[in-house]
Amino acid sequence: MTLVQTILSVILAVIFISAILFVIFGQVTVRKLRKNPETKQVLGIEFASGMDILNAAQALSLPKAIVQKIRANPAGALHADPDLLYMHTTAFDRLLARLFYWSWMSSAFALIALTLAYFLLDLGGN
Amino acid sequence: MAEILISSRTWNKPQFKQMCGESLDEMQCSGSDGVMLPYKPYTVGQITYNEELILRALRNNNCPRNIHALSSALGENNIVGVSDTMIKLHDTTSALAGSTSTVHAVRSDKFVRAVQRYQDTLLTYRNVTQGKGAAGATKASAGIAVSAAFEQMQKHFQRELSMTAGLQRASRKGTPLRNRTRALNIARSSRSIKKLELVSTLQAGKLARFSKYGKALGTGVVAIDFASRIGNVQTTYKADGNWERELFVESGSFVASVWAGGAAAYAGSAALTFLTVATPVGWVGLIVVVAAASMGANYFVKEESGGVYDSIMEWVNTL
Numbered sequence: 000m001t002l003v004q005t006i007l008s009v010i011l012a013v014i015f016i017s018a019i020l021f022v023i024f025g026q027v028t029v030r031k032l033r034k035n036p037e038t039k040q041v042l043g044i045e046f047a048s049g050m051d052i053l054n055a056a057q058a059l060s061l062p063k064a065i066v067q068k069i070r071a072n073p074a075g076a077l078h079a080d081p082d083l084l085y086m087h088t089t090a091f092d093r094l095l096a097r098l099f100y101w102s103w104m105s106s107a108f109a110l111i112a113l114t115l116a117y118f119l120l121d122l123g124g125n
Numbered sequence: 000m001a002e003i004l005i006s007s008r009t010w011n012k013p014q015f016k017q018m019c020g021e022s023l024d025e026m027q028c029s030g031s032d033g034v035m036l037p038y039k040p041y042t043v044g045q046i047t048y049n050e051e052l053i054l055r056a057l058r059n060n061n062c063p064r065n066i067h068a069l070s071s072a073l074g075e076n077n078i079v080g081v082s083d084t085m086i087k088l089h090d091t092t093s094a095l096a097g098s099t100s101t102v103h104a105v106r107s108d109k110f111v112r113a114v115q116r117y118q119d120t121l122l123t124y125r126n127v128t129q130g131k132g133a134a135g136a137t138k139a140s141a142g143i144a145v146s147a148a149f150e151q152m153q154k155h156f157q158r159e160l161s162m163t164a165g166l167q168r169a170s171r172k173g174t175p176l177r178n179r180t181r182a183l184n185i186a187r188s189s190r191s192i193k194k195l196e197l198v199s200t201l202q203a204g205k206l207a208r209f210s211k212y213g214k215a216l217g218t219g220v221v222a223i224d225f226a227s228r229i230g231n232v233q234t235t236y237k238a239d240g241n242w243e244r245e246l247f248v249e250s251g252s253f254v255a256s257v258w259a260g261g262a263a264a265y266a267g268s269a270a271l272t273f274l275t276v277a278t279p280v281g282w283v284g285l286i287v288v289v290a291a292a293s294m295g296a297n298y299f300v301k302e303e304s305g306g307v308y309d310s311i312m313e314w315v316n317t318l
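So the protein sequences, as listed, match chains R and Z.
In terms of numbering that gives the first Met the number 0, the first sequence opens at residue 0 and continues consecutively.
In terms of numbering that gives the first Met the number 0, the second sequence opens at residue 0 and continues consecutively.
Honestly, the hints are just simulated from the structure, not real lab data.
Small disclaimer: the values here were computed from a predicted structure and weren't measured.
Yeah, the Cβ is synthetic: ideal placement off N, Cα and C, and Gly gets one too.
Hints are not guaranteed to be accurate.
Covered stretches of chain Z, going by a simulated chain R footprint (3 or more residues, C-beta under 8 angstroms) [what the hints assert, rightly or not]:
id, stretch
1, 47–54
2, 259–268
3, 288–296
Please put together the full structure from these sequences, using the hints given.
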């Protein structure tokens with residue numbers, strides 16, 4: 000196994016774990032928020048089915064000041080409302096959101112970085 | 000390199016000798032002797048292992064019939080190049096769907112359909128010139144339909160066409176995608192035996208996939224992508240290849256492209272809010288970055304994850 004493939008296998012493993020967390024977070028937390036009449040309108044835009052899970056995870060994971068500023072932006076309605084979400088989630092929900100969000104972001108950006116290195120440094124030959 | 004022959008009619012020994020100058024005994028295709036059957040792939044001379052794999056990949060269902068019809072419209076040399084590009088386009092659309100930027104996906108989907116319409120008019124034209132067309136269709140009206148489809152394609156998809164044509168084997172007379180007269184000539188004069196030159200099983204697999212999905216495009220980007228990815232796995236399975244490995248590669252690269260594209264889109268749109276680039280230009284830039292991220296990840300994981308699968312299997316075997 001080449002070095003690139005070793006790194007890739009680690010990233011793929013993290014992606015796999017993160018995908019499981021995505022489903023758990025969607026079933027445990029976001030399903031609850033979707034049923035709640037106060038929060039079901041503020042989960043952000045859903046271009047594709049399941050995108051509200053990503054919106055909710057982002058609103059609960061980034062620092063509160065940042066997501067509030069994003070929400071105050073003219074295009075803020077695309078994102079979920081952090082204030083209402085914090086009000087209707089437990090500490091466990093937020094832990095789940097952060098575990099999922101950061102494993103998703105870290106594995107995806109590690110994959111993008113590796114892809115870039117692969118093309119720029121021409122690692123495909125070995 | 001394997002030379003594959005597909006015929007649209009039955010040939011017996013003397014007819015074949017007269018037509019091709021070679022003895023029919025030289026032809027290889029399992030289970031038939033003395034005659035060449037229509038819509039079955041044949042090779043010339045002693046069959047090698049590689050050729051056997053290629054034949055198997057081509058043999059399922061209606062595949063040879065479709066390949067024969069498509070190469071009648073586009074020319075034998077071009078069909079391999081075109082199928083390669085089309086499959087690449089399918090994979091690309093999926094990567095773009097992963098990035099949720101449907102603009103580009105819709106465009107390449109439309110391009111595929113424009114080429115398809117052009118192919119269909121050429122096939123109709125061919126049928127009419129051979130006296131097999133629908134009632135009331137004349138050579139002139141079929142020719143006009145070809146021209147209309149050609150103009151449409153030229154007008155809207157210059158960039159994609161130059162990309163596609165660049166991949167095909169260069170010919171002095173140009174390719175049917177760029178040159179309507181050449182396409183009409185190929186369609187009119189097409190012989191009943193088609194000769195395809197395939198280098199690898201991979202190429203054969205692409206050709207088989209193309210012929211299978213060539214007529215059923217435009218129902219939804221991800222659905223097509225899944226179908227074509229699963230088609231890839233099935234083709235490998237039919238060719239007695241390592242289909243579990245293929246499944247690992249296809250599903251892995253799909254997830255990777257969705258994953259990377261999604262993350263880039265979310266991080267990017269959050270960042271855009273804070274930067275002064277939240278203009279239409281900034282958003283277009285984001286779409287381009289997202290598309291590049293997910294297409295790159297798709298390609299990269301497709302190339303490398305086979306090796307990952309192999310070492311996982313090696314490790315499992317040592318347990």
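Quiz item: Holds or violated: the stretch 47–54 of chain Z covered by chain R, criterion of 3 or more residues with Cβ-Cβ distance under 8 angstroms?
Solution: violated (count 0)
Self-check item: Whether chain R covers the stretch 288–296 of chain Z (at least 3 residues having a Cβ closer than 8 angstroms to its Cβ atoms)
Solution: Per the Cβ count (3), the hint holds.
Quiz item: Can the stretch 259–268 of chain Z be counted as covered by chain R under the rule of three residues or more with Cβ-Cβ separation shorter than 8 angstroms?
Solution: holds (count 7)
Hint compliance for this structure: hint 1 is the single one not met.
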